[in-house]
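Participant: Residue numbers (this note's numbering), protein chains in the order written: chain S, 1 to 110; chain C, 1 to 112.
Take these hints with a grain of salt, some might be off.
[Said to hold, decoys possible] Over 10 Å on every C-beta distance to chain C, these chain S residues come out as not near it, computed from the model: (1) Q14; (2) P39; (3) Q42; (4) L71; (5) T99.
[What the hints assert, rightly or not] Ranges between beta-carbon positions, derived for each pair: (6) Y73(S) <-> R15(C): 39 to 49 Å; (7) G16(S) <-> T20(C): 18 to 28 Å; (8) D84(C) <-> Y73(S): 32 to 42 Å; (9) R58(S) <-> R22(C): 45 to 55 Å.
Honestly, the hints are just simulated from the structure, not real lab data.
All residues carry an ideal CB built from backbone N, CA and C; glycine is no exception.
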Amino acid sequence: GIQVEQSPPDLILQEGANSTLRCNFSDSVNNLQWFHQNPWGQLINLFYIPSGTKQNGRLSATTVATERYSLLYISSSQTTDSGVYFCAAVSNFGNEKLTFGTGTRLTIIP
Amino acid sequence: ETGVTQSPTHLIKTRGQQVTLRCSSQSGHNTVSWYQQALGQGPQFIFQYYREEENGRGNFPPRFSGLQFPNYSSELNVNALELDDSALYLCASSSPANYGYTFGSGTRLTVV
């Protein structure tokens, strides 16, 4: 099945800094999503982005499907951005299941 | 539109017992997927239901079973609980017309 890898595994930043999270995937995809998991376990959908670029406030994401990677950008980080960020993808081949990466744990220090 | 709701939020069971977790899908979504998330790991796919039929299964033993009802809500049943079944169980709904998945807030199961 599809492999989804995320980097870095951990990131500690000062409030106000910018960050870039990366997701590599092994197959062509028909679905790619970025999620933020808060400390209570809730997975919040940030972007549905199998290709192209999207922006939502301080967050933006770009997926280059032909090169099999996606990037999540967070600008002017706030402490509420802390948590684990997951990338998840559905392969064009095989079962229609969403496969998650191992996540990036982001900690924003005031 | 209503989101995905899961119940209960927390549960403590004894090894060997059985448990049923419930999930109501988002309005307009006809597909439900269940995931297990152990501490410090990413969610792992258990199975998916579409129109009341199992539509894909991950690497989980048969003691993990499920149901989907005509209103697209779903149950996850786990028999003969083991200590390693302690985890956050997440339900997600989706629709073929919109491939985005929406997740519930999860059920945290502790097996003692």
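Participant: A separate judgement is required for each hint: does it hold in the structure or not?
Facilitator: Each hint, compared with the structure:
1. Q14: Check passes; 25 Å lies beyond 10 Å.
2. P39: 12 Å, holds
3. Q42: Check fails; 5 Å does not lie beyond 10 Å.
4. L71: 18 Å, holds
5. T99: T99(S) is in fact no farther than 10 Å from some Cβ atom of chain C, at 7 Å.
6. Y73(S) <-> R15(C): 39 to 49 Å: 45 Å, holds
7. G16(S) <-> T20(C): 18 to 28 Å: At 46 Å between Cβs, range violated.
8. D84(C) <-> Y73(S): 32 to 42 Å: Holds - the Cβ-Cβ distance for D84(C) and Y73(S), about 37 Å, lies within 32 to 42 Å.
9. R58(S) <-> R22(C): 45 to 55 Å: 35 Å, violated
Checked against the numbered hints given earlier, the structure breaks hints 3, 5, 7, 9 and satisfies all the rest.
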